[in-house]
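Knowing the structure of chain W, use the given hints to seat chains F, E and G with the ligands on it.
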Amino acid sequence: MRRVYLDHSATTPVDPEVAALMMTYYTEKYGNPSSVHSFGREAKQALEEARRQVAELIGAEPSEVTFTSGGTEADNLAILGTAEALSKKGKHIITTAVEHHAVLETCEYLEKNGFDLTIVPVDEEGIVSVESVKKAIRPDTILITMMHANNEVGAIQPVAEIGKLAKEHGIVFHVDAVQSLGKIPIDVKTMAIDLLTISSHKIYGPKGVGALYIRKGVRVAPRIYGGGQEKKRRSGTENTPGIIGFGKACELAGQRMAEDAQRLSKLRDKLMNGIIEKIDYVKINGPLGDKRLPNNVNVSIQFVEGESLLLSLDMLGIAASSGSACTSGSLDPSHVLLAMGLVHEIAHGSLRFTLGHQNTEEDIDYVLEQLPKIVDRLRMMSPLYDQAVHAKQAQ
Amino acid sequence: MRRVYLDHSATTPVDPEVAALMMTYYTEKYGNPSSVHSFGREAKQALEEARRQVAELIGAEPSEVTFTSGGTEADNLAILGTAEALSKKGKHIITTAVEHHAVLETCEYLEKNGFDLTIVPVDEEGIVSVESVKKAIRPDTILITMMHANNEVGAIQPVAEIGKLAKEHGIVFHVDAVQSLGKIPIDVKTMAIDLLTISSHKIYGPKGVGALYIRKGVRVAPRIYGGGQEKKRRSGTENTPGIIGFGKACELAGQRMAEDAQRLSKLRDKLMNGIIEKIDYVKINGPLGDKRLPNNVNVSIQFVEGESLLLSLDMLGIAASSGSACTSGSLDPSHVLLAMGLVHEIAHGSLRFTLGHQNTEEDIDYVLEQLPKIVDRLRMMSPLYDQAVHAKQAQ
Amino acid sequence: MYTEKVMDHFTNPRNVGEIENANGVGEVGNAKCGDIMRIYLDVEGDVIKDVKFKTFGCGAAVATSSMVTEMVKGKTLDEALEISNAAVAEALGGLPPAKMHCSNLAADALHAAIKDYHEKQEKKE
Amino acid sequence: MYTEKVMDHFTNPRNVGEIENANGVGEVGNAKCGDIMRIYLDVEGDVIKDVKFKTFGCGAAVATSSMVTEMVKGKTLDEALEISNAAVAEALGGLPPAKMHCSNLAADALHAAIKDYHEKQEKKE
Ligand SMILES: Cc1ncc(COP(=O)(O)O)c(C=O)c1O
Ligand SMILES: Cc1ncc(COP(=O)(O)O)c(C=O)c1O
Chain W
1 MRRVYLDHSA TTPVDPEVAA LMMTYYTEKY GNPSSVHSFG REAKQALEEA
51 RRQVAELIGA EPSEVTFTSG GTEADNLAIL GTAEALSKKG KHIITTAVEH
101 HAVLETCEYL EKNGFDLTIV PVDEEGIVSV ESVKKAIRPD TILITMMHAN
151 NEVGAIQPVA EIGKLAKEHG IVFHVDAVQS LGKIPIDVKT MAIDLLTISS
201 HKIYGPKGVG ALYIRKGVRV APRIYGGGQE KKRRSGTENT PGIIGFGKAC
251 ELAGQRMAED AQRLSKLRDK LMNGIIEKID YVKINGPLGD KRLPNNVNVS
301 IQFVEGESLL LSLDMLGIAA SSGSACTSGS LDPSHVLLAM GLVHEIAHGS
351 LRFTLGHQNT EEDIDYVLEQ LPKIVDRLRM MSPLYDQAVH AKQAQ
Chain F
1 MRRVYLDHSA TTPVDPEVAA LMMTYYTEKY GNPSSVHSFG REAKQALEEA
51 RRQVAELIGA EPSEVTFTSG GTEADNLAIL GTAEALSKKG KHIITTAVEH
101 HAVLETCEYL EKNGFDLTIV PVDEEGIVSV ESVKKAIRPD TILITMMHAN
151 NEVGAIQPVA EIGKLAKEHG IVFHVDAVQS LGKIPIDVKT MAIDLLTISS
201 HKIYGPKGVG ALYIRKGVRV APRIYGGGQE KKRRSGTENT PGIIGFGKAC
251 ELAGQRMAED AQRLSKLRDK LMNGIIEKID YVKINGPLGD KRLPNNVNVS
301 IQFVEGESLL LSLDMLGIAA SSGSACTSGS LDPSHVLLAM GLVHEIAHGS
351 LRFTLGHQNT EEDIDYVLEQ LPKIVDRLRM MSPLYDQAVH AKQAQ
Chain E
1 MYTEKVMDHF TNPRNVGEIE NANGVGEVGN AKCGDIMRIY LDVEGDVIKD
51 VKFKTFGCGA AVATSSMVTE MVKGKTLDEA LEISNAAVAE ALGGLPPAKM
101 HCSNLAADAL HAAIKDYHEK QEKKE
Chain G
1 MYTEKVMDHF TNPRNVGEIE NANGVGEVGN AKCGDIMRIY LDVEGDVIKD
51 VKFKTFGCGA AVATSSMVTE MVKGKTLDEA LEISNAAVAE ALGGLPPAKM
101 HCSNLAADAL HAAIKDYHEK QEKKE
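Protein chains in written order, with full-length UniProt numbering: chain W, 1 to 395; chain F, 1 to 395; chain E, 1 to 125; chain G, 1 to 125.
The hints are simulated quantities; they were obtained by calculation from the structure and are not laboratory data.
Some hints could be false.
What the hints assert, rightly or not - Mimicking DMTMM-like on lysine to aspartate or glutamate, the simulated pairs with C-alpha atoms at most 25 Å apart in a straight line are:
id, chain 1, residue 1, chain 2, residue 2
1, F, LYS112, F, GLU124
2, F, LYS135, F, GLU124
3, W, LYS392, W, GLU277
4, W, LYS232, F, GLU108
5, E, LYS49, E, GLU27
6, G, LYS115, G, GLU90
7, G, LYS32, F, ASP123
8, E, LYS75, E, GLU20
9, W, LYS88, F, GLU84
10, E, LYS49, E, GLU18
11, W, LYS88, F, ASP365
12, F, LYS270, F, GLU362
13, W, LYS392, E, GLU18
14, G, LYS49, G, GLU27
15, G, LYS32, F, ASP386
16, W, LYS112, F, GLU84
17, W, LYS29, F, ASP365
18, E, LYS32, E, ASP78
19, W, LYS392, E, GLU20
20, W, LYS91, W, GLU61
21, E, LYS115, W, ASP386
22, G, LYS5, W, GLU49
23, W, LYS91, F, ASP386
24, E, LYS32, W, ASP280
25, W, LYS44, W, GLU56
Said to hold, decoys possible - Examples of chain W residues toward chain F, derived with CB under 10 Å:
id, residue
26, VAL14
27, VAL18
28, HIS37
Since this is a predicted model, take the numbers as computed values, not measurements.
Note that beta-carbon positions come from the ideal geometry of N, C-alpha and C, so glycine has one too.
If we strip away everything but chain W, and leave its shape as in the complex, we get (with noise of 0.2 Å):
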């Protein structure tokens, strides 16, 4: 069976060649980066190497990088570390509506414990203005704290305007950058953003590796303590294999970034547009054209449940993800398209599919041949299509 993987948010393969320079640390260069002798020598100079990498696709300095064991710890660090450094100056957080978990998750443990949160709002588009942001300041404001592009949505905001603002205020400001890494141009200087989270197994890199970018002066406590490795601000014995491996999928990255951008968002569009064609009732989800990630394609299907979809597309090969209260075991949907606007019903019918660095025009042929045969079988089942279908004739 032809298997399509189109859930490149949720994660990606890692690149052969990342994977065969991580199986040189794993059995040969083991060595522990903090020992004297010749093993532990070499894994440290790998180490600082990819330091380099992973600095170089952000604009920053290497010495700015701190590893972590992923975009979660790497929010974690940045947003606790934040206001355990900062709390006396003040206790108010901003973030968004649209923030994934580990922001989220994290800013109402602070509020639990006696911070004050300004959720700011999103537009139908799920893009945050500058304007709410600024409403939001208040003399006690120490972070604000945001994503640069969405991970069901694909909506990019407006950091480099959203970092002048809190920089002017002399706020910290940290963006999550785990879903546009590699895929748009992130640049930490010109955006004036001082702590930046990413991630490597979105971008072909190993999972449990990330990093918190940390502009120089910045203040962020530790959130593990330990053998004060990475500078005291992360202790633990440092994943050398997967760091490595992190730095050489940003080279990868930063070598591949313009062009695959350009081939997958041609591919997002036919598959967008072809959707729109082949099926009746749906509706797109995000912003269009250069205001939405390259390879993201959200799409609500009206009187289908999400994953059912998922299921199906499943069974003829085809992995993507929805954002139905279903295929996560909660009760509501998406809190993303909810922040949007759309109501519940719709919500649960929402599809994401998420191209790759390996898809191809074909993959996309496939998903428009099969998809709106699986669109069609469950509606038959619905008793939602009925009503609308009879509601519509009674026109």
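The following block gives chains F, E and G with the ligands in isolation, referenced to the frame of chain W:
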């Protein structure tokens, strides 16, 4: 040049079987275990199989195993998570003077934040007495946190007895078993352990993976917030290839433990005895026989400094470690050796050799051939050696 | 995640559709929470002669709907009333824990349809 | 970690040993902190004719000791006094930051030896 790696307590190579298995999950079965589709499901299934393998090695239920990014994070989760969960019950914590920094620094962080800390001493072999822990217990003690076996001198602590004590007093008992896992048997049930830290890269699994055993019913507040993975105890996309590698490494460790322990303890004793025989002015640190990890040798070589020894050994292809301050860039030598009553100047000249699965009799012969020459050469340079020899001659 | 049986009922659901002039119809759930199940009954005397369903919902919702229709066809109303949500889940070889609560409503829909049948009969009398 | 030059001086230290009847001896550091350097001088007139060292310490301690002896041999005392710890580190191509403070004491030992020489001369007079 011959390369003899004798620093297995710092880190180990990944077993080739483990590495090969991981590769599959990096490049082919790369799904996110939270995904509904088949890529996700195959990853999820392998993740749960790994959980079973890890649980089996320590006598736990799979549901009691929470994966982390390593031993340091697991120690932090155990200590800070317990402190947060139980701070209303009490604010006193007991630990020992010979803990790893991942435990000591974390306890000291709590001490700075309103908790009381009692640091129990050790005897000259590095062993904690049950009596001294008993004396330290107060009505508001919520946690006893200590290691199973010491990373520097291999001393095995009486954890089962202390576990019994903790249980009688209703105190949570956390054991750092990073160094004992796979080397000597661990059974969380018979040892009455509530929380157990383990780490993958010390048992021929990958770096960047560890686990905390949390006995059913014991409350530990999470330290990383986000998508709610690991039953909300530790958020973040699971490092599936790493975890699967850890699972496999646990399985292999279970199979090899008895044989390795027997073989390595013979090599260990050969190395210790050989050093005593061939070099004067030396002192073995830590206990002998069954109270010592089968793979640990720790010796102080008077009148020479540890880093010089390491560098000299390294030039001959021998990788070891030392308790010298100079290897860590700090001013004080190993807090473990000092806690055992060694004077600074002797602690500075300590060497640790930690044996592993691949070491052979020839490796030990090679060390016993080279080390005396190195010591001779360094002592020739040392102003302390003259003095001692002159003093002796004067007697 | 799902058992083979669940996947079989999801892929090849039994008794999908409507019964024209059904003498008992039951619906539970709502679109807001992501699951709606509607069951149509054709009851003759005391016996369920025919049963069909329409469902908007996840895999578990579709499979439990399909399963319950298979379980009750030919049964008396009293027998049908004894079928619980748990029994349906069990007949499918179990459901993931998260699904036990939110999508396992097919027996409720069946009971609602039987209730509807009784009410309609009462009205006739 | 260490430069090639450091490793060269560590592996093949120059001028190791003692000078019998040295007319200047200087020692710095102590065993507690892990570094002791002792320097022996043979001064004739104003010139360092010979110099030797003994050191207990890490790689950096040995290398800086060796380096300083090379730097001063044949120099006048005044020239020798101008050599700083930083200059020794620089001559070695640099030292790791952590070592700059704790193990980079060879110039201090040299200066102590020169001081000792002067004191001995004064006593003679
Ligand atoms: C926007 C965003 N932030 C944070 C994360 C968490 O990163 P990780 O999966 O590396 O923990 C993700 C991915 O799941 C994400 O999409
Ligand atoms: C006793 C002990 N505890 C904790 C740790 C930390 O584990 P990790 O290296 O996985 O962070 C180590 C290893 O360095 C250790 O030896």
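**Report entry** Violated constraints from the hint list, given by number and in increasing order
**Finding:** When the structure is compared with the hints, numbers 1, 11, 18, 20, 23 turn out to be violated.
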